[in-house]
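Chemist: Those protein sequences? They're chains A and B, same order as listed.
Position 126, counted from 1, in the first sequence is what the numbering used here calls 126; the numbers after and before it change by one each time, with no gaps.
Position 47, counted from 1, in the second sequence is what the numbering used here calls 1047; the numbers after and before it change by one each time, with no gaps.
Please keep in mind that the hints were generated in silico from the structure rather than gathered at the bench.
Remember, predicted model here, so these are calculated numbers, not experimental data.
The C-beta atom is built at its ideal place from N, Cα and C for all residues, glycine as well.
Any given hint could be a false lead.
[Stated by the list, open to error] Mimicking PhoX-like on lysine-lysine, the simulated pairs with C-alpha atoms at most 25 Å apart in a straight line are:
1. A:LYS194 / B:LYS1305
2. B:LYS1299 / A:LYS187
3. A:LYS80 / A:LYS39
4. A:LYS203 / B:LYS1299
5. A:LYS321 / A:LYS296
6. A:LYS203 / B:LYS1323
7. A:LYS164 / A:LYS114
[Claimed, not checked] Here are some chain B residues the structure puts well away from chain A; computed CB gaps all over 10 Å:
8. GLN1029
9. SER1088
10. LYS1241
[What the hints assert, rightly or not] Just the calculated beta-carbon pair ranges, DEER-fashion:
11. B:ALA1275 / A:ALA195: 34 to 44 Å
12. A:GLY178 / B:GLY1104: 39 to 49 Å
13. B:VAL1021 / A:GLY250: 18 to 28 Å
14. A:GLU148 / B:VAL1310: 36 to 46 Å
15. B:VAL1021 / A:ASP227: 19 to 29 Å
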Amino acid sequence: MRRNISAAVLSGVLAVSALAGCGGGGDDAGSGNSGGDDKITLGFSQVGAESGWRTANTKSIQESAASAGIDLKFSDAQGKQENQISAIRNFITQKVDVIAFSPVVTSGWDAVLKEAKDAGIPVILTDRAVDSQDTSLYETFIGSDFVEEGKKAGDWLVKEYEGKTDKVNVVELQGTTGSAPAIDRQKGFAEAIKANPNITIVKSQTGDFKRADGKTVMETFLQSTPDIDVLYAHNDDMGLGAIEAIEAAGKKPGTDIKIITVDAVKDGMTALADGKINFIVECSPLLGPQLMDLAKKAAAGETLEKRVLTEETTFTQEQAKTELPNRKY
Amino acid sequence: MTAILKNRLFWPAAILVVLLVVNMFTSNQFVTVRDGHLFGTFIDILRGSAPLVLVALGMTLVIATGGIDLSVGSVMAISGAVACLLISDLGNQNSVGSVLLIIGIAILVSLVLGLWNGALVAVIGIQPIIATLILMVAGRGIAQLITDGQIINVQSGPYATIASGFFLALPVAFLIAAAAVALITLLTRRTALGLLLESVGGSPTASRLAGIGARRITIMVYVVSGGFAGLAGLIYSANIKSADSISAGNLIELDAILAVVIGGTALIGGRFSIAGTVLGAILIQTLGVTVVAVGVPAKATLLFKAIVVVALCLSQSPTFRQKVFGRFKPRPAVRAEVPA
């Protein structure tokens, strides 16, 4: 997901497919003229294809556009802001009805967003925010609330140890230092566990959202911290790496050490169904249907909520067993 | 005493010892025996440093010839991706024969990638930093194509063994790295190969005029570096039983170069130290473990590491040592112990 920009940039540089020419451009520019027919044209600029999460995100948007009868002009920025800006400029020249995009980086969008506004095209941000002071430059921002995800994780833990007086030692595997999901998931979790003073975070270190780092850091946690009761990992991958370390240390993940993660990708859900993880907070890439609704409303000139949350849930081991066959990503 | 103090590797070794002592105090088990094999923080460090030792070993040889190999991380990603893709297609993932064959294929692919680097540098004459940059960038793309941008999981016991297994009470990954180090040490210090490497690094032209096949030597070091990177990639992916083409070996080239430099190998070529490189690689790994064990906050880890590295580099600088330590030394004693 919005992991590590450098990885995204790298993958962008090398991906073999063609540059950000928005598919099927000029020939159907007529359909973009909102006056003509009633089919809405949505120009969407994706970050890239840096992870399974992102691929699922792209697929969701493409599928729900087709089923909502929206003409989607899809463009892949391959992790580069300049590609994304030129794609948005293209959309403006083609007079699409709505522009949506997942910003590669947070800053530097004011100029191009102003152009879209001047052309009277509403803009929807998906998944990642921009830091523009002038919020009138975009209609709405749809995406996950990372603080909320951290809270959900913490709430489950508080509930799990409700009424017990023993000390609960938590170790935390943070995401990439300084990234929004890492900061917010840490914050939300810390707020939620304040409800039970017995629960304390004894060690917290970054695992960079990676499996290998999750494993290495967990190995050291296990050696340097006696009595770890709970592991909270900011994504599934680090949790999966940590499971390897816990097993190598001769402990049972899910039983000896309870594990909470965020994301709910397929590998994580499999481990949850197997009882190796105890609880997963979903961070869903499947925001396509909601985006299409918003695009329709925006095209009709309705005023939208400035912040729309992706519909997300949480999974226990039982729920994972039923949900697992439907997981696509 | 002064001779030991003057050894270039004294300070890195001293810092390593300090870090290890810190770990002795912070960890529950520094070294113990469990389930018939050694276990504990020290063993984790040995096991965890294996990929970096392998990569840095190849890098040392390349740097000895005055080159550099930036593509090692991407080669790691490709080799892990190839192995996991093939293993995941196996009917029986626990078949030792098939897994060994697949490991062989992955290493062969890595050797070919090394050959590509070597050919670009020695035959076509592209500067090493540019030649290997090509594969560094393109290679990760290739790895992602192989895995289709996803993380490929494998459930193969034999494959996992190369990273997490134990043989004669020692981690297999450590034994692999140790064997590689022993082999290269033997080849470079007991045959003329080391001398040839240093002469090519010193001056390719002079070497060629002296009758040394400089071109062949240059190609060879890139092939070896590719092979070791491939092996490191296998250990990396076996460690997490999956091929993660985005993060496998990401930025490891920088750690490897750092290990080489800590070890006292000159970046301009012409001189190298295998022992120094191994010391450097283990030091970097130990530093990573120490940061977590001591509980340095995530935001401060990079700063903490930077301080240690700066201290190391200063300790390696003759000028700095002269300025700081020179005045404290009783001159007659030095004269007495180091006769001119």
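Chemist: For every hint, state whether the structure bears it out.
Modeler: We went through each hint and held it up to the structure:
1. Taken as a hint, the A:LYS194 and B:LYS1305 pair is broken in the structure, with Cα atoms around 32 Å apart against an allowance of 25 Å.
2. At roughly 14 Å between alpha-carbon atoms, B:LYS1299 and A:LYS187 fall within 25 Å of each other, so this suggested pair holds.
3. Pair hint A:LYS80 plus A:LYS39 does not hold up; C-alpha atoms about 30 Å apart against a cutoff of 25 Å.
4. A threshold of 25 Å between alpha carbons decides the hint, and for A:LYS203 with B:LYS1299 the separation of about 13 Å falls inside it, so the pair holds.
5. Straight-line distance between C-alpha atoms of A:LYS321 and A:LYS296 comes to about 35 Å, which puts the hinted pair past the 25 Å bound.
6. Proposed proximity of A:LYS203 and B:LYS1323 is contradicted: the alpha carbons are some 41 Å apart, above 25 Å.
7. As the CA atoms of A:LYS164 and A:LYS114 are separated by approximately 56 Å, the hinted pair breaks the 25 Å bound.
8. With a least beta-carbon separation of about 6 Å from chain A, B:GLN1029 fails to lie farther than 10 Å from that chain, contradicting its non-interface assignment.
9. For B:SER1088, the shortest C-beta to C-beta distance to chain A comes to about 13 Å, beyond the 10 Å cut-off, and the non-interface label holds.
10. B:LYS1241, annotated as away from the interface, has a beta carbon of chain A within 10 Å; the closest lies near 7 Å.
11. Our hint of 34 to 44 Å for B:ALA1275 and A:ALA195 is violated, since their Cβ atoms are close to 55 Å apart.
12. Hint check: A:GLY178 to B:GLY1104, Cβ distance near 42 Å, so the stated range 39 to 49 Å holds.
13. The hinted range of 18 to 28 Å is satisfied by B:VAL1021 and A:GLY250, whose Cβ atoms lie roughly 26 Å apart.
14. One distance hint, 36 to 46 Å for the beta-carbon pair A:GLU148 and B:VAL1310, holds here, with the actual separation near 41 Å.
15. Range check, B:VAL1021 to A:ASP227: Cβ separation about 24 Å, and the 19 to 29 Å hint holds.
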